[in-house]
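Colleague: Sequence:
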Amino acid sequence: ENQGRDTDALKKWSAENGGVNSDVIVPENDNRGSPLLIACELDLPYACRTLISLGSDVNYRHPRAHGNSPLLRCAEMGYDECLKELMAAREIDVVGCLTREYKLVLGQNIPQYEAGGRSALLLAVESVRVGTVEILLQHEQGQKLLELKDSFGRTLLEAAFEKLALREGQESEGQNK
3 ENQGRDTDAL KKWSAENGGV NSDVIVPEND NRGSPLLIAC ELDLPYACRT LISLGSDVNY
63 RHPRAHGNSP LLRCAEMGYD ECLKELMAAR EIDVVGCLTR EYKLVLGQNI PQYEAGGRSA
123 LLLAVESVRV GTVEILLQHE QGQKLLELKD SFGRTLLEAA FEKLALREGQ ESEGQNK
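According to our numbering, the sequence shown holds residues 3 to 179 in order.
Result set (SDA-like, lysine to any residue): computed pairs, CA atoms no more than 25 Å apart in a straight line:
| hint | residue 1 | residue 2 |
| --- | --- | --- |
| 1 | K105 | L158 |
| 2 | K14 | E43 |
| 3 | K86 | L148 |
| 4 | K151 | N61 |
| 5 | K146 | A117 |
Across the chosen pairs, the derived CB separations fall in these ranges:
| hint | residue 1 | residue 2 | range |
| --- | --- | --- | --- |
| 6 | G155 | S55 | 37 to 45 Å |
| 7 | A11 | E116 | 34 to 42 Å |
| 8 | Q177 | P65 | 36 to 44 Å |
| 9 | R7 | G171 | 47 to 55 Å |
To be clear, the hints were calculated from the coordinates, so they are not data collected in a lab.
None of these values were measured; they are calculated from a predicted model.
Glycine residues also receive a C-beta, built at the ideal position from the N, C-alpha and C atoms.
Construct the complete structure from the given sequences, taking the supplied hints into account.
Modeller: Here's what the structure looks like:
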């Protein structure tokens, strides 16, 4: 019963705010991305289903340098119910949706670089999201994800092992202090 009211409210909001593919900017100059990206970030599968049925772009990319997308967010965070809604959309481009290389400046002007070319599958593996990995591999484009390389030319396994080695190195470093 609440879902019907929620759907009506979502349709009304969408009609008043530029549609389901407009970026949400609250407050001024604070772009949160599309309604579908926000629904994925909040792990709201029913909202995802509704937005997709209203025509949301499942391949949306945030306009900022990081270029986040609903697919990448769900894969990295393990939001499997939202991911299933995305994967059910015919137009989803699972293989073509890759992270963008960008620099993020942390405190004390220390730059941190994010590797580009990482697939949803690689993000799920790096984040140890076993259920998410299964969902991605079961998709018709899933096997092609195994063949992709990131912007450093690493395969899925090479990137995952490197991440694991770095993580283990940091843990052992912390134990030695």
